[in-house]
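S.K.: Take these sequences, add in the hints, and give me the full structure.
Here the sequence shown stands for residues 386 to 732, numbered as in the working numbering.
Each hint can be trusted.
No farther apart than 25 angstroms at their CA atoms in a straight line, the calculated lysine-lysine pairs in the DSS-like style are these:
1. 633 <-> 584
2. 649 <-> 666
3. 584 <-> 664
4. 666 <-> 678
5. 548 <-> 572
6. 666 <-> 633
7. 584 <-> 387
8. 666 <-> 584
9. 548 <-> 451
10. 725 <-> 678
11. 572 <-> 387
12. 387 <-> 451
13. 595 <-> 572
14. 539 <-> 572
15. 584 <-> 595
16. 387 <-> 678
17. 717 <-> 633
18. 387 <-> 717
19. 725 <-> 387
20. 387 <-> 595
21. 725 <-> 451
22. 678 <-> 633
23. 717 <-> 678
24. 595 <-> 678
25. 664 <-> 678
26. 649 <-> 664
27. 633 <-> 664
28. 451 <-> 717
29. 584 <-> 678
Okay, the calculated beta carbon distance ranges per label pair:
30. 485 <-> 649: 41 to 47 angstroms
31. 594 <-> 398: 38 to 44 angstroms
32. 731 <-> 648: 36 to 42 angstroms
33. 450 <-> 667: 47 to 53 angstroms
34. 415 <-> 701: 23 to 29 angstroms
35. 563 <-> 622: 34 to 40 angstroms
36. 538 <-> 485: 24 to 30 angstroms
37. 607 <-> 650: 42 to 48 angstroms
38. 591 <-> 506: 31 to 37 angstroms
39. 514 <-> 629: 42 to 48 angstroms
40. 443 <-> 553: 24 to 30 angstroms
No wet-lab data here; the hints were simulated from the structure. Values in this document were obtained by computation on a predicted structure and should not be read as measured data. Idealized CB from N, CA, C, for every residue including glycine.
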Amino acid sequence: MKFSLFVHMERYDEQVSHRQLFENLTELTLMAEAGGFSTVWIGEHHAMEYTISPSPMPLLSYLAGKTTTIRLGAGTIIAPFWHPIRVAGECALLDVISNGRMEVGLARGAYQYEFDRMAGGMPASSGGQHLREMVPVVKALWQGDYAHDGEIWKFPSSTSSPKPVQQPGPPVWIAARDPDSHNFAVKNGCNVMVTPLMKGDEEVVDLMNKFETALANNPEVPRPQLMVLRHTHVHSEDDPEGWQVGAKAISRFYRTFDAWFGNKQTPVNGLLAPSPEEKFKERPEFELENIHKNTMIGTPEEIIARIRHYQELGVDEFSFWADNGLSHEEKKQSLELFIKHVVPAFR
386 MKFSLFVHME RYDEQVSHRQ LFENLTELTL MAEAGGFSTV WIGEHHAMEY TISPSPMPLL
446 SYLAGKTTTI RLGAGTIIAP FWHPIRVAGE CALLDVISNG RMEVGLARGA YQYEFDRMAG
506 GMPASSGGQH LREMVPVVKA LWQGDYAHDG EIWKFPSSTS SPKPVQQPGP PVWIAARDPD
566 SHNFAVKNGC NVMVTPLMKG DEEVVDLMNK FETALANNPE VPRPQLMVLR HTHVHSEDDP
626 EGWQVGAKAI SRFYRTFDAW FGNKQTPVNG LLAPSPEEKF KERPEFELEN IHKNTMIGTP
686 EEIIARIRHY QELGVDEFSF WADNGLSHEE KKQSLELFIK HVVPAFR
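M.R.: Right under this line is the structure:
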């Protein structure tokens, strides 16, 4: 079982500066590297303080110079917001800067709020077409001259400049949920990243089944890697009520997600208040006890048991999702407990 860190600069108000958030993200990454994590993942979001990352590339390039072993994952690049030549070139450049430590995550995008601003208002649900066309194009550009005449992009003979250190290119990951996206990822030789969000381990089993079906549909393709991304909060056994800290923070995270995803309010300077708790009174997944049970919250021993179950299912990588509404100090304490007690159980 490999372990990775999924992290953004996460901001709910103006009390913490962007510079401090940048330093916090760097500190968590250095902790993860020292703790034996394989990869740090940073995604892409626009005009929202909730998860700050207008491009993962500058952050990952900076981290490339501060680290020596941890791999650097763009998790994920939103396909409709990019041109394939730019994706190929920037990812290859990061691979050169990091001497072959780049990982490429691609996704179709989710927030209509972002599509209204970055893609001329196209429906977010249409992003899959861009993703499916982009993946083989980027891989071809890494190999050399390639001309493309597709439904979305058309360009004469071009190549990725520079070329990546890793050959035939950095590992490509696809954020997948439905059977078609699993099948597309496997068929195209891509690794798969999944997240159950607020759902329990039965959702992990369901996602694993979709992955296994995709493998069966493509027997000629070598088995790719599967990563599960989970909001994670580890608390000490000496603090049996410590789970409530994580559950309350993750509740705020998802109430904020609901406000952004609903796209019915106008943010002020990139800030949007969480949807009120009353809205979710009939939503059992928002009950603190269910957040405790469904997300990765618990003592080290409880979390070890859950991740062992994932390992038995066939999961290759568990990603510690640090975006969860907690303060930086709380995130550090949780990550320290994970590194000290959970990671060694899988070595």
